[in-house]
Amino acid sequence: MKRIALLGMPNTGKSTLFNRMTGASARVGNWPGITVELLTGRILLGGDMVEIIDLPGMYDLHGFSEDEQVVRHFLHDNVPDLALIVLNATQIERQLSLLLQLKQINLNMVVLLNMADEAKKFGITIDTAKMTEALGIPIFLLSAKYGAGYGEALQAITKALRYTTPGMAEHLRDQLKSDNQIEAEMARVLRHSVQVPARLPDNLTDQLDRLMLHPWLGLPIFFGVMYFLFQAIFFLGQPLQTGVNDLFTWLRDAAIAPLLAILPAALQGLLLDGIYNGVATVAAFVPLIVLFFLFMAIVEDTGYLSRAAFLMDALMAKMGLDGRSFVMLLMGFGCNVPALMGTRVMRSRSLRLLTMLVIPFSLCSARLQVFVFITAALFSPKAAPLVLFSLYLFSFGTAILTALLFKGYLPNSEPFVLELPPYRFPTPRQLVLRGWHEVYHFIHRASKFIVAGVVMVWLLTHLPPSAAPASADTLAGMVGAWLHPLFKPIGITSELTIALIFGFVAKEIVIGSLAVIYGLGGEALSHSLALQLDWVQAYSFMLFTLIYTPCLSAIATLRSESKDNGFTLFSVAWSLVLAWLVSFIFYQGARWLGY
Amino acid sequence: MGESPFLYRIMPAVALSTLVPGESATIVAIHTEGPLHQRLLAMGFRTGKPIELIRRARFSGPLQVRIGTTDILLRGNEAEKIMVKKT
Ligand SMILES: Nc1nc2c(ncn2[C@@H]2O[C@H](COP(=O)(O)OP(=O)(O)OP(=O)(O)O)[C@@H](O)[C@H]2O)c(=O)[nH]1
Ligand SMILES: [Mg+2]
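If you read the protein sequences in the order shown, they are chains A and B. The first sequence begins at 1 in my numbering and counts up one residue at a time. The second sequence begins at 596 in my numbering and counts up one residue at a time.
One thing to keep in mind: the hints can contain errors.
[As the list claims (entries may be wrong)] Here are the simulated PhoX-like cross-link-like pairs (lysine-lysine), alpha carbons at most 25 Å apart as the crow flies:
#1 K318(A) <-> K676(B)
#2 K644(B) <-> K121(A)
#3 K681(B) <-> K644(B)
#4 K130(A) <-> K644(B)
#5 K120(A) <-> K644(B)
By construction, these hints were calculated from the structure, which means they are not laboratory data.
Can you build the whole structure from these sequences, using the hints too?
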């Protein structure tokens, strides 16, 4: 099968083009370094199946950071039959340098000048015919996001696939011309084919940035925006979640319970109280999660992440981190795993490790589910959003504390140089793709972890058969009793302890296991929790859940990204210790104050 | 405009980090090496290119500069190594 690779600088729209070509839902965002690993997809092109490969962006072929290494290794190990070089047309003046470097390694290539829509808006004119002539490579102007020029480019790609890559030099770097030669050639190519206005018209980005990056207002606006977004998610998502919950309860009573009535009681219990209750309680969060990621997608696609890096860099520097670390913490609000992988853009190993040490404290969407459920059960509708926000503050607080404590061991002098892209807005198509991607991801996790988790919990709380379900005589009861000395000082009951143990695997299981342990789903579970716990215990439980390690996937990612067992073990141990300490101080403090 | 070539020639080169927001200059030297140097070249920092300081972040945070159509954030540490002549 022939293979086509997408190459280009970061943030030029490679993944957008990949999605358009393959119909996939690769992650797109207005941040250089969204893609850090290669992705493949297959399409029918000119009657043949072809493999398309989306790669991380690269600034030049010297490539020193981990994401750039991915590209270098790829090019070295398996030469693609065709390379699509994706350049940002509005920045053609500087991005041409990468093209000229790539040209030297004799790839069969087609050049795609993306973001034609923006180039037009900026008054940049590019004569592709003249440029094709000057370079001897087919060049097309297109907009991967809106589709203009795509058809023509696709035809050219199909045609170019008939030729093959002549073969590649063994040692890429030795072959490269000096920077001066490249500079001279850039000037030659650009002279007749590209016209850029001397001064760009004062555009929307400049106007918005005057406010968003204002010396005094910038930071307050940033926190205001964050606060507003989380409130919006809570206010829109919580009723949706209750609605879906009611639907599942109704379905159970109206259809599923009568259907299963013929089965033996124990099996009925496992299916209904175990799997159905557990999975339904978790599945009720799908609308909230989709909503959450739609907001995340909007934030990521606008380009506000780079602005956050600008605003926070000075503060992060005091903690041994930089603006990009902060952006990864923000990305971690969605899921810690891609945030951990996103640190590949950092060159200094110390900076990477320190950033990876703080990311797990970022309150991810799976933990958000637990907190939404518990705050709704134990706090008044007025207090609940504030309680939720306070957990975000704890999330930042523990990250800051961790960085301050360990920055001395991981000193770095990594330069901070980052592109600031213009503001962009996602199209409905991009939003739908992203929403669908998250639902898929959730179902994938649900089928893998959640079902297995709730079945395990059900067995633990119902075996041996002689014991009353969920009583002290069951396996779960015994484990709970055994760990009791450790969890009593932080106000966590033995039922909650079992949920925490399973929460180690994935936070989605926490609510699912509570449903199984109490034998109740949805609303009923909330009421039961409210009767059994007071708010101090509940908050302590949430603090522990927040801090004690995100999930097994995150630990596996920590391991694979750091390639260091000791570091991974340390990260997990530290988060456990910190979780216990914070919960202890909170719980005992609150009790001491008389709550 | 209006600047005499003579005045331009005798203007001393200063570090990029000393510009104030709104000031324009021309890059005359880039005193960096290795990976940082390559990255700066790829971002469009080349001698002879006009550059403008757009703004600085509070608490001696990063600088936002504009080279052609690209906006770049960089810290004072890095900006100190880039010499410019004001225009
Ligand atoms: N205006 C405009 N924006 C585009 C176009 N193509 C992509 N974008 C936007 O550019 C940004 C970057 O797109 P991506 O597809 O993530 O870029 P990438 O090259 O994969 O980036 P990395 O994975 O970071 O290397 C996103 O905000 C896209 O929505 C286009 O043709 N026009
Ligand atoms: Mg990408």
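Each hint, compared with the structure:
Of the supplied pair hints, the one linking K318(A) and K676(B) holds, its CA atoms being roughly 22 Å apart against a limit of 25 Å. Proximity of K644(B) to K121(A) is assessed by CA-CA distance (about 23 Å); at most 25 Å being required, the pair is judged to hold. For the hint linking K681(B) to K644(B), the alpha-carbon distance of about 12 Å falls within 25 Å, and the restraint holds. Distance hint between K130(A) and K644(B) is fulfilled; the C-alpha atoms sit about 24 Å from each other, no more than 25 Å.
For the suggested pair K120(A) and K644(B), the alpha carbons sit about 23 Å apart, so the restraint of at most 25 Å is met.
Of the numbered hints listed earlier, not one is contradicted by the structure.
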